[in-house]
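Given the coordinates of chain A, work out where chains B, C, D, E and F should sit on it, guided by the hints.
There are 6 protein chains.
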Amino acid sequence: MLAVVFRSAVTKYKGLRLPSQTVARAMSSSGGATPPYTTLAISRPTESITHVELHRPEKRNAMNSAFWSEMVTCFNELSEDAQCRVVVVSGAGKLFTAGIDLMDMMNSVLQPEGDDTARISWGIKKKIKKLQETFSVIEKCPKPVVVAIHGACVGAGVDMITACDIRLCTQDAWFQVKEVDIGLAADVGTLQRLPKVIGSQSLVNELALTARKMYADEAKSSGLVSRVFADKEAMMAGALEIAGEIAGRSPVAVQGTKINLIYARNHSVADGLDYIATWNMSMLQTEDLMKSAQAALEKKSPKTKTYSKL
Amino acid sequence: MLAVVFRSAVTKYKGLRLPSQTVARAMSSSGGATPPYTTLAISRPTESITHVELHRPEKRNAMNSAFWSEMVTCFNELSEDAQCRVVVVSGAGKLFTAGIDLMDMMNSVLQPEGDDTARISWGIKKKIKKLQETFSVIEKCPKPVVVAIHGACVGAGVDMITACDIRLCTQDAWFQVKEVDIGLAADVGTLQRLPKVIGSQSLVNELALTARKMYADEAKSSGLVSRVFADKEAMMAGALEIAGEIAGRSPVAVQGTKINLIYARNHSVADGLDYIATWNMSMLQTEDLMKSAQAALEKKSPKTKTYSKL
Amino acid sequence: MLAVVFRSAVTKYKGLRLPSQTVARAMSSSGGATPPYTTLAISRPTESITHVELHRPEKRNAMNSAFWSEMVTCFNELSEDAQCRVVVVSGAGKLFTAGIDLMDMMNSVLQPEGDDTARISWGIKKKIKKLQETFSVIEKCPKPVVVAIHGACVGAGVDMITACDIRLCTQDAWFQVKEVDIGLAADVGTLQRLPKVIGSQSLVNELALTARKMYADEAKSSGLVSRVFADKEAMMAGALEIAGEIAGRSPVAVQGTKINLIYARNHSVADGLDYIATWNMSMLQTEDLMKSAQAALEKKSPKTKTYSKL
Amino acid sequence: MLAVVFRSAVTKYKGLRLPSQTVARAMSSSGGATPPYTTLAISRPTESITHVELHRPEKRNAMNSAFWSEMVTCFNELSEDAQCRVVVVSGAGKLFTAGIDLMDMMNSVLQPEGDDTARISWGIKKKIKKLQETFSVIEKCPKPVVVAIHGACVGAGVDMITACDIRLCTQDAWFQVKEVDIGLAADVGTLQRLPKVIGSQSLVNELALTARKMYADEAKSSGLVSRVFADKEAMMAGALEIAGEIAGRSPVAVQGTKINLIYARNHSVADGLDYIATWNMSMLQTEDLMKSAQAALEKKSPKTKTYSKL
Amino acid sequence: MLAVVFRSAVTKYKGLRLPSQTVARAMSSSGGATPPYTTLAISRPTESITHVELHRPEKRNAMNSAFWSEMVTCFNELSEDAQCRVVVVSGAGKLFTAGIDLMDMMNSVLQPEGDDTARISWGIKKKIKKLQETFSVIEKCPKPVVVAIHGACVGAGVDMITACDIRLCTQDAWFQVKEVDIGLAADVGTLQRLPKVIGSQSLVNELALTARKMYADEAKSSGLVSRVFADKEAMMAGALEIAGEIAGRSPVAVQGTKINLIYARNHSVADGLDYIATWNMSMLQTEDLMKSAQAALEKKSPKTKTYSKL
Amino acid sequence: MLAVVFRSAVTKYKGLRLPSQTVARAMSSSGGATPPYTTLAISRPTESITHVELHRPEKRNAMNSAFWSEMVTCFNELSEDAQCRVVVVSGAGKLFTAGIDLMDMMNSVLQPEGDDTARISWGIKKKIKKLQETFSVIEKCPKPVVVAIHGACVGAGVDMITACDIRLCTQDAWFQVKEVDIGLAADVGTLQRLPKVIGSQSLVNELALTARKMYADEAKSSGLVSRVFADKEAMMAGALEIAGEIAGRSPVAVQGTKINLIYARNHSVADGLDYIATWNMSMLQTEDLMKSAQAALEKKSPKTKTYSKL
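Residue numbers (our numbering), protein chains in the order written: chain A, 2 to 311; chain B, 2 to 311; chain C, 2 to 311; chain D, 2 to 311; chain E, 2 to 311; chain F, 2 to 311.
Just chain A, same shape as in the assembly (with noise of 0.2 Å):
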């Protein structure tokens, strides 16, 4: 959360403009963004598969004050949509995401208010916490989110897809941590869940650090993202084979992994065990399980059963 207070900074810094290089050339795709959306294209791959889209290709999906809300209303509504089973997010055009749009957010949101420090301090929390709600939300998602990342994931990309389930990319991404690059932090989610993403924790300190890029190859060696792919069409096609796998199991079975995956890593091990007893004293009651188990003992795949909305 970066530029709260790039108010008194712009007039300090008033002869500032921005380069007309960074305004990138439009590369959207055919769609354009599913209304209401701005910012997010929205799709049904299939009946129970949400592809939800960055679509600012002309910005390079950089995320402006629009998409900030725009993704709490998203996944709000795919956590309630029964139909949506699991979801692939993916960015239009020529790269996954730029990260914060600055110049958006100078201009709209950003506007730090109070009357001493300590106000400007308290409102600033606000609206972190607010931007933190943004990529938290995916977590607490109960379908799992597969995310395919191509060209660059930049900044508040990064934060973005540590708090998605399933990560793949293809073989020209690359992804830089920036924050310390602007002079702040990362405060929405990197420095507290890349740490627990990947294994090296020497290479999450250097990337925090250094701002340095990390390209496709390490990012598969360090755990970052768990395949790689060709290119980018390759890649959804794989993203969409893997939520396929996903879709067409329990969903009973599929959220309870998902939600018990999280407070796991919260936990200790026994605090872990002891919830998903608690959990499964309920939900081993489904019929998906004699389903499935049926399926199993027929060898077939779980996917030729059909299971009830959840």
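The reader is advised that the hints may include incorrect statements.
Identical copies carry no separate label here, and so any pair may be met within one copy or between two of them.
List of simulated lysine-lysine pairs, DSSO-like, C-alpha gap at most 30 Å [to be verified]: (1) 214 <-> 95; (2) 130 <-> 214; (3) 300 <-> 310; (4) 221 <-> 95; (5) 214 <-> 131; (6) 304 <-> 141; (7) 304 <-> 127; (8) 310 <-> 141.
Hint data in this document are derived by calculation from the structure and do not stem from the laboratory.
Positioned in the frame of chain A, the structure of chains B, C, D, E and F alone reads:
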């Protein structure tokens, strides 16, 4: 823990039959299980190494109700047995384990009871907690447990190996977090321990949500296993070598190390440091320290010394 | 913390002699230690980078009693020194460090005292806590610490490097969690931090329980180090380059990043998010943010700006 | 959260009728509820004090489905309303609240849905979490909440008051943890907060397990309330006086105090100390501090100064 | 856990003799212990209430080695016994308990073993953990435990009663945290549970550090007990009345309440709220809820209904 | 920590003058402070009891910058001083302490520094942490600290006494959580420790939010103090008596008790039980245990024995 609710299910799906091909061909090793065990074969390759072999090869070492209680008896005894300093676990026959034995579990321990949903749930929780104990005893046993996996390790097999300390496998091994295929969230350890066992959270999620197989190479690169061997023979030799390295060292040092590693996993660094300082205020007062230091100064292996039982 | 009990041991094993070959040939670099330090050489490759060199090359940088206290003095000063923005740690001579200096520790600080076992234990705990502090100061220092390891890093050396932020090594480096060979559970940091530093728990356990050496390639693939260099010269150049990247950025951003990464390691994601929101409510009110953002908009490196001391 | 399962129950016990005497005589205060609320009357005794009155006196302020959502709206608004610096909660009519409105809840929101037990359970959890939010908003509101209880406070009423900051009551008040009488473990706050609110765990357990009434004297001696007043009039005067003391002080100090007290309850002392140090690094930079200190040096009340909105 | 080290001590202080006056006069109640127990008398005042009486009156109910294991057997059985819905614990004879039976413990279980200090320490820890289990079983038993104390409750007696749910005493009762008088920090529960059981930390510290007696009035005002009775007869009647209130209510509600109260004590409010929501997603699906609600609507006690076993 | 920002404030409110009447009349006791201390008088009523007297009576023992550092020196020394087994803290002159010395703090240590808000904030946090240490040393000191309060205990005085172990007061004593009156949330301990020190959360909140005075009777009934005395003379006699009880007992038992009580406050019961079992595996191996037990068997006080230094 899957099948508590099978009773009504069995009634409902009464035509359901187990396909004959699921009855695996007998592939028992010469020995057979070691009385009083019917599913485990226990041996002593050396005085201080205990080998626990899953031993229902004709059933692909599927975990039946006998297995779930025999493991508890076995590891509780090993915990108390001062001669035993390290445990090696492996599977007899063609593969490590096919996971839970659905048919057996249906016909024996898994009978839901209770006059209403709450009471049935209560009973289910008790059974889950009991099954969890089957693998938690491995962790509570202060002696290190090396597990050697060949062929396949499916479902509850993964729950089990994540509770072991050191994981080895053969080149032909594969792993499958199977529970989502049976319609449930894994509740005997995988979801709680796997995220703390390997570094790529994206991979953990993908495995748990899609039930896809993971082969030896990915198991190695992701850190699930620390070594891969060409075949079972080489792996067992390697397992015994590692076990020998451990068994030859001071049991005060070895068992204190295991206990503190597990403690550290569940606590903050500050808590972990305080705990081991409290632990070592007595444990440093061991003869083993002088014996080991002497060996070090003599440029000999600590295994050249003899350490008292613990 | 190993040798508190050596006093009686020395009496018991009175014939014991340190083999002459353990006295390594002198391989001191030209400079020698920097007064008032006798085991550390401190220099400033640039104004804002401090180089702390373990400097007892003739003793393979073994950690004697002077070292344990000099490190505390040194890092407490660096914490307060506003000029210093990043620290590089390396070892003089043929290897990084041979770990604790057994003979020295026996002859100096490690004298168990107390009229009964409880009182001796009490004294041991105090000494362990003091030794732990030697490495915890690295973590408490808000300036990032890059450690560059060549040759060997043994025993307490591993405890030390796990408390650093970024780990680099040469192709000829190897690492050894040595404590189990000396008859004790490692108590100055390895068992607490290593499981949070690398992603493979099986590997952590194997290293700690068998004391086997791990070479550079495995250190890289397991994530213990984030980069491997051909030789020491290349590594030192690389370390300084990384340090330069960090030193040139906003110290508000850099040090806030380190503090929040360590906080996140020890807390749940929810706690971590709340903490950084509280942290940044003041830290975003820095001029560095505007300066850095301006550099970004001008497509320049943030290093082209000058940031006030912190 | 009790009645999700009433639907089938209603069918089963179809002869069941609500005894007419449970329909309490109308005892509404003059005003009535304040639109848009139907169960709450909101007023401003002074500019900075908001009075939230439970206002269904003819139903003994029983909590119907409207109440559960109106509370959330109300407190979320108060959280954002800079004029409001403290909240007083009380009940209109003869008593504070009779707790949940069973009949209303049965007829409206509580309709269990789902094709099997797991799906019904899933829906129940969502509803419980929503009901929990009704009282958690009191805790999340940074403005202190003083609750004034007269007559009776039953069931969900106790859940509610344990989420308030300061508890007062009349001499004729009594309290009853009623849930066990309805066949459930209290799940909207009492079991979680009561043990942290009063000091005698034996008393907490007795109240929760036997549903016995506790009268004003025991409420005072046990610390549930901090003051007892002769009658409602005296209590309301007292509540407003306390509220006035709070409202007249620096909102930076007051709201920071509430937030840190709640933080401290859920964390260790060390974590709490670090949190407030991080909090106050900005909050001490308030004009209020100088204004308040000046008042102190002038031997005047801090209320003689005016503090900016927060 | 005090006496592991008595063996050598006994040798050292060989002249030491137990003064004859410590052998209390026999004051056994008519019945005697209930086989297979030698230290406990078990009875059933009503079908669903179990009375566990400490029954070595001639030894002032001192806790000998038989007691420490019989308690575990007894409470594990009560946990499984569906008829038992509440437990009352009291002491036979002139007082509740004199605490640990020093002489018996010296002559039986407490034999330190091990070749060096570390190994002796290892054995001590195992014994302490076993003794801790004797009282932790009370807490793990899901049925509420009411303890009724008369005369004296000394040392391990205080450890025991802090693990019970509801504490009652007679006017002549006194309590003494005795361990500091024997030269040890209390290690079977008092130091861990007492601070969470009563609200005055100053009092907890004073009692634990000075071993002074606390009488009934202070026990009541501090919240250690929730009720004081004139004499033992009145107290036992009161205990049975409370037990009757509990036993007559829904066991689903009662046992869920106990489990969640204990969970809440050890977790944050947020964790506690999530846990009970997970718990109740199945537990609300009980017939008891409808039965209890019907009784409530009929203005009858929930005890007028019959609830199935749990 | 209040006054970091006074510097600019002083400029702003330049007319501000400290009213002469706040300069309390000298009421120094005969002795004066004990060199090298200027604010503390240290004495040894008995060989093993240290009396630390706040000693600026002419300034109502207000805490100036000297005090904040002298306390750290003093308690760190007492922690190491084996002769000292218990500490008594009291105040010289007419009252215990008026809290922080605003004027002194303004003129000395509290000089905010930094080029922007972030840097000023950074400095403030460092200063708060340093001030927190002044009282945390009391808690870290393993010897029990008895505090005896007369007259008034205001502001930082409350922060201080909540870090002590046993609290006593005179009938004329009163307590005031003063910080909210100065415009800040208390940040050197009160908000963190008071909720864990007394049982009524409503009272804690009321005191902290309104800054009202609490008198001796309420301090006693709420559990803030465990005893009230008629006057200072009686209290000091009582304090010394309690201190004598503690000092005469085994220091192994006494200090182990303090450490484990503080540990238990910050951890779950399960963690607390494991910690003390680890602690006592060495501490039970003390001669004190046998000496104390012998005294017990001889029906003598443990104080009749002599225990070695710790």
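A quick look at each hint next to the structure:
1. 214 <-> 95: Intra 17 Å, inter 33 Å, cutoff 30 Å: intra-copy only.
2. 130 <-> 214: within (27 Å within a copy, 36 Å between copies)
3. 300 <-> 310: within (24 Å within a copy, 40 Å between copies)
4. 221 <-> 95: Cα proximity of residue 221 and residue 95: one copy only (21 Å, versus 32 Å across).
5. 214 <-> 131: So residue 214 and residue 131 pass the 30 Å test inside one copy only (28 Å; across, 39 Å).
6. 304 <-> 141: The answer is within: 25 Å in one copy meets 30 Å, while 38 Å across copies does not.
7. 304 <-> 127: Result: close only across copies, 27 Å inter versus 44 Å intra.
8. 310 <-> 141: within (19 Å within a copy, 33 Å between copies)
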